[in-house]
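Produce the complete structure using the sequences and hints provided.
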Amino acid sequence: MTRIRVGLLGYGLAGSVFHAPLICAEPTLELVVIASRRKEAIAGALPHVEAVPSPEEVIERRDIDLIIVATPNDAHFPQASAALAAGKHVVVDKPMALNVSEADALISHAAEAHRLLTVFHNRRWDNGFLTLRQAIADGALGEVCYFESRFDRFRPAIKQGWREQPGEGAGVLYDLGAHLVDQAMVLFGLPDAVEADVMAQRTEARVDDYFHIVLHFGRRRAVLHAATLARMPGPSLVVHGNKGSFMKFGLDGQEADLKTGLRPGNAAWGANGVEDFATLDDGAGPKRVPLLSGDYPAFYRGVAASIRDGARPLVAAEEGRDVMRVLAAARQSAADGRRIMLAGLQ
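Using the UniProt record's numbering, the letters of the sequence shown map in sequence onto residues 1 to 346.
Keep in mind that the hints are not guaranteed to be accurate.
[What the hints assert, rightly or not] Derived Cβ-Cβ restraints for the label pairs, each shown as a range:
{"#": "1", "residue 1": "Ala157", "residue 2": "Arg133", "range": "32 to 40 Å"}
{"#": "2", "residue 1": "Glu275", "residue 2": "Arg153", "range": "15 to 23 Å"}
{"#": "3", "residue 1": "Arg62", "residue 2": "Lys287", "range": "56 to 64 Å"}
{"#": "4", "residue 1": "Glu40", "residue 2": "Arg312", "range": "36 to 44 Å"}
{"#": "5", "residue 1": "Gly261", "residue 2": "Ala157", "range": "32 to 40 Å"}
{"#": "6", "residue 1": "Pro47", "residue 2": "Gly285", "range": "53 to 61 Å"}
Everything labelled a hint here was simulated from the structure, so no lab data went into it.
Yeah, the Cβ is synthetic: ideal placement off N, Cα and C, and Gly gets one too.
What follows is the structure in structure tokens.
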């Protein structure tokens, strides 16, 4: 079977920690070339992969079927557009673009080119989120009335990477907010309204490092929160329904595994320890619930199935666009100090 030949744009955190290892773990994909100035790092980690300095060189290659855009956020739209124009299938790291107009344009380009366009929203396959979805599907919570997802960290020092430097697409709202908004919409769809507080709390911060977002879904509320000055983080997931409640502390371990060099297929990959559990109370009292295994490799299995078999993308481009709608509304709400209705908002 001929493998799908992949070109990766960018070898920073997203490219080196997430995309390259997950691409290499999918047997139907072949990572051929990476556009990055980090030639030595690529040679050390992936000696079989070519490294070139120019994204354009990768996009223009005729032997590449699929382009992965894992560059800084302000490059997502132009590079994804160029890749679609060159007849490539495209994966864009989250957030899909800088605004809804760019996202809509990418969707139109993909339709005209008859090519796959999807967005890397890997947090759909976190162990806690998968376990929560199963609990909801089993009816353990009944009708969900409250959902809270938090990403609290203690990082008082400002990092030098582009995410913490002034520029379009920088800041924690676009970085972590894209994950949490996507999770909420996987469960509940597009909200009716958005209220948000977005700010820089660290004295030397030059971009937003805190957000608190409330999404309105009729009588249901979803609270999405991220902070960089939380030495004692709260629960990462809290969900209440009319029959029960669900709570989980801590983050999925797949990112930590990838950073330490563990790869899918290793017996220790994504393994849940004795302290990795959720608490569920379905009316019979609180009980520990084993976590389902996280499954970031599912994303690229789905990408391959979409390209080879025409399977429906696991993350539709329109879903990535709707995340941008909510992030734009959150930014506007924080600036104006008011609730933003999403109906008709572009």
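Hints and how they fare:
1. Ala157 x Arg133: 32 to 40 Å: holds, 35 Å
2. Glu275 x Arg153: 15 to 23 Å: Because 19 Å falls inside the window, the suggested range holds.
3. Arg62 x Lys287: 56 to 64 Å: holds, 57 Å
4. Glu40 x Arg312: 36 to 44 Å: At 40 Å between Cβs, range holds.
5. Gly261 x Ala157: 32 to 40 Å: violated, 25 Å
6. Pro47 x Gly285: 53 to 61 Å: Between Pro47 and Gly285, where Cβ atoms are some 55 Å apart, the hint holds.
The structure is inconsistent with hint 5 alone, although it conforms to all the rest.
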